[in-house]
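> These are the residues of each chain, in order.
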Amino acid sequence: MDKFTTHTGVGVPLKRSNVDTDQIIPAVYLKRVTRSGFEDGLFAAWRNDPDFVLNQDIYQDGTVLVAGPDFGTGSSREHAVWALQNYGFKVVISSRFADIFRGNSGKAGLVAAQVDEKVVQRLWDYLDDNPGGRITVDLEAQTVSSADGSVIDSFDIDPYTKWRLLNGFDDIGITLSHEADIESYESTRPAWKPATL
Amino acid sequence: MGRTLSEKVWDEHVVRSTPGEPDLLYIDLHLIHEVTSPQAFDGLRLAGRTMRRPDLTLATEDHNVPTVDWDKPIADPVSRTQVETLRKNAAEFGVRLHPLGDENQGIVHVVGPQLGLTQPGMTIVCGDSHTSTHGAFGAIAFGIGTSEVEHVLATQTLPQAKPRTMAVTVNGSLPAGVTAKDLILTLISKTGTGGGQGYIVEYRGQAIRELSMEGRMTVCNMSIEWGAKAGLIGPDETTFAYIQDKPEAPKGADWDAAVAHWRTLVTDDDAVFDQEIVLDAAEVTPFVTWGTNPGQGAPLGASVPNPADFADEQDRVAAEKALTYMGLEAGTPLREIKVDTVFIGSCTNGRIEDLRLAAETIKGHKVAEGTRLLVVPGSVKVRLQAQEEGLDQVFIEAGAEWRGAGCSMCLGMNPDTLAPGERSASTSNRNFEGRQGKGGRTHLVSVPVAAATAVRGTLSAPADLEPAFA
Ligand code: SF4
Numbered sequence: 001m002d003k004f005t006t007h008t009g010v011g012v013p014l015k016r017s018n019v020d021t022d023q024i025i026p027a028v029y030l031k032r033v034t035r036s037g038f039e040d041g042l043f044a045a046w047r048n049d050p051d052f053v054l055n056q057d058i059y060q061d062g063t064v065l066v067a068g069p070d071f072g073t074g075s076s077r078e079h080a081v082w083a084l085q086n087y088g089f090k091v092v093i094s095s096r097f098a099d100i101f102r103g104n105s106g107k108a109g110l111v112a113a114q115v116d117e118k119v120v121q122r123l124w125d126y127l128d129d130n131p132g133g134r135i136t137v138d139l140e141a142q143t144v145s146s147a148d149g150s151v152i153d154s155f156d157i158d159p160y161t162k163w164r165l166l167n168g169f170d171d172i173g174i175t176l177s178h179e180a181d182i183e184s185y186e187s188t189r190p191a192w193k194p195a196t197l
Numbered sequence: 001m002g003r004t005l006s007e008k009v010w011d012e013h014v015v016r017s018t019p020g021e022p023d024l025l026y027i028d029l030h031l032i033h034e035v036t037s038p039q040a041f042d043g044l045r046l047a048g049r050t051m052r053r054p055d056l057t058l059a060t061e062d063h064n065v066p067t068v069d070w071d072k073p074i075a076d077p078v079s080r081t082q083v084e085t086l087r088k089n090a091a092e093f094g095v096r097l098h099p100l101g102d103e104n105q106g107i108v109h110v111v112g113p114q115l116g117l118t119q120p121g122m123t124i125v126c127g128d129s130h131t132s133t134h135g136a137f138g139a140i141a142f143g144i145g146t147s148e149v150e151h152v153l154a155t156q157t158l159p160q161a162k163p164r165t166m167a168v169t170v171n172g173s174l175p176a177g178v179t180a181k182d183l184i185l186t187l188i189s190k191t192g193t194g195g196g197q198g199y200i201v202e203y204r205g206q207a208i209r210e211l212s213m214e215g216r217m218t219v220c221n222m223s224i225e226w227g228a229k230a231g232l233i234g235p236d237e238t239t240f241a242y243i244q245d246k247p248e249a250p251k252g253a254d255w256d257a258a259v260a261h262w263r264t265l266v267t268d269d270d271a272v273f274d275q276e277i278v279l280d281a282a283e284v285t286p287f288v289t290w291g292t293n294p295g296q297g298a299p300l301g302a303s304v305p306n307p308a309d310f311a312d313e314q315d316r317v318a319a320e321k322a323l324t325y326m327g328l329e330a331g332t333p334l335r336e337i338k339v340d341t342v343f344i345g346s347c348t349n350g351r352i353e354d355l356r357l358a359a360e361t362i363k364g365h366k367v368a369e370g371t372r373l374l375v376v377p378g379s380v381k382v383r384l385q386a387q388e389e390g391l392d393q394v395f396i397e398a399g400a401e402w403r404g405a406g407c408s409m410c411l412g413m414n415p416d417t418l419a420p421g422e423r424s425a426s427t428s429n430r431n432f433e434g435r436q437g438k439g440g441r442t443h444l445v446s447v448p449v450a451a452a453t454a455v456r457g458t459l460s461a462p463a464d465l466e467p468a469f470a
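Those protein sequence lines, which keep their order, are chains A and B.
Under full-length UniProt numbering, think of the first position of the first sequence as 1, with each following residue one higher.
Under full-length UniProt numbering, think of the first position of the second sequence as 1, with each following residue one higher.
Think of the hints as simulated: they come from the structure by calculation, not from any bench.
The beta carbon of each residue, even a glycine, is placed where N, CA and C say it ideally should be.
It is possible that part of the hints are untrue.
Claimed, not checked - To give a feel for the contact side, a few chain B residues facing chain A, derived at Cβ under 8 Å: (1) Gln39; (2) Thr81; (3) Arg96; (4) Ser129; (5) Thr155; (6) Asn293; (7) Phe432.
Whole structure, please, built from the sequences with the hints as guidance.
Structure follows, in structure tokens:
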């Protein structure tokens, strides 16, 4: 996993609330057995609409998605995070994320930056006035800012996820460094607990 | 101060706890299926890691398997690749797999309980959000992403921040003919799809106690639909009786030791929840959704709401979008909505009790002209049991399609999908845009409502049916 410190890129306004993972990537696109290539299914249903934001040239290189509240609800599919990343997104900004989506993002290195609802609105205003405008996300300082300086505000992220993203730490490696704890826990499990084999 | 049930189960599984970090939680049972596991096994191989506990892992094929001709090669090449990949991985890593054709093949959340592998006080995870189903037994059970699947494969643990606790107390008894499904749909429409966010929810109170294990699973299954991390119900005599004769239940002295421990898994009287919601069961009526998220629902006796009546701006916009997508006019009585397809199945309502209830409603009736009824058992075992009881004949005589086991039209990954614009009444748990097929329109309903709807061709309750002449 790559380290994430700060990122500046084209902001993409997604003016919808309750964007569930079926909208981010519909189930029919999940049939791959590899980890890449999921960008073809990103917001697939909406991309049929020529007016959809990702179909506009100016947002082609978008890397910072600015979405309405309750982003990533619904199915736990991590493909939603992969699809966003495969497409090129580094950060999603919203006023509320579904828990599973937030967890999946942190693990895969996509920053889920939670901001006040008003900040989303101001970023949208900024992007309306400056289509293709850039947004900077500074993880160390936990700030989001627009290139013209009209928006500078803080975002929330849990400290543990932040630490990992800053260092690019992979989960399994961290846990395996505590293998002795796992072994000692296993030695205390009751014998009647079920096993499959 | 006392502890809640979920805090007790949580505490029993903490491998390592460090201030400022998530707890490292031990996982008692890891369920896997063909869709969310291939990349996890791939990641394991790429990193040169091994699987820690294949003996605490169970695999089934469910999400995209066909429900007809399941003895033939899977026609869809991608589905076939996923299923073959699962078989290959299970063989390579020594995981127990119940493949197509096996008596224990079926939806992973139906199979765990039917084998008796789902027990009180466990931690259970699966790369599927409806893992919350297993909470019905007093387990902490939640859905995880593919990276977490890989993490559990490699370590049998998961780093997890401790969620807050919530109690949903349902006082009184549900009226006759009203089911667990109506209860949970009512709750979600009251709280909204984000109402449970960040919580492990304990469902309690008389109405919950009075539910069968099947009903409790239906309630816990849909916890995720109002945003909760997990839902659970304190184990009691109903729970123990359900588990006792199951193949993987503890036997002899182990059974006694297990039950003795399970009896301690209750929320202490002086425990404090971070949040509490109280509901009156007597007020719950048959409930259906009209929109494109599970919170957009109303009593069957009501009409399609007018978006202008929503005080909240976001809700109003969401309702407008939903009605456009659903092709519905505000003010139309819900009972007048014509339905093309009725789907009875899924991990929400695909168990034997659900099929019995459906057969009871439908017996002696015919499926309405222009409507199709698909009955998909949650597992092969449920299918066989239903056939032993003659339920399949009731469905077939009524004109329904009696299928093999799997997720089927719940998510439309196999050939069972809605056509664009087609409308369904579905006993599943999600009515998102395109969930059951691109452009498909889903109304979430209970089993009796689904069965009555199949007979009348419009959203209906059993009370709307003319008496059947057997
Ligand atoms: S039946 Fe539906 S909700 Fe349940 S596991 Fe299958 S796809 Fe998921």
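> Give a verdict on every hint.
A quick look at each hint next to the structure:
| no. | hint | in the structure |
| --- | --- | --- |
| 1 | Gln39 | holds (5 Å) |
| 2 | Thr81 | holds (6 Å) |
| 3 | Arg96 | holds (5 Å) |
| 4 | Ser129 | holds (4 Å) |
| 5 | Thr155 | holds (5 Å) |
| 6 | Asn293 | holds (6 Å) |
| 7 | Phe432 | holds (4 Å) |
Hint check: no violations occur; every hint is consistent with the structure.
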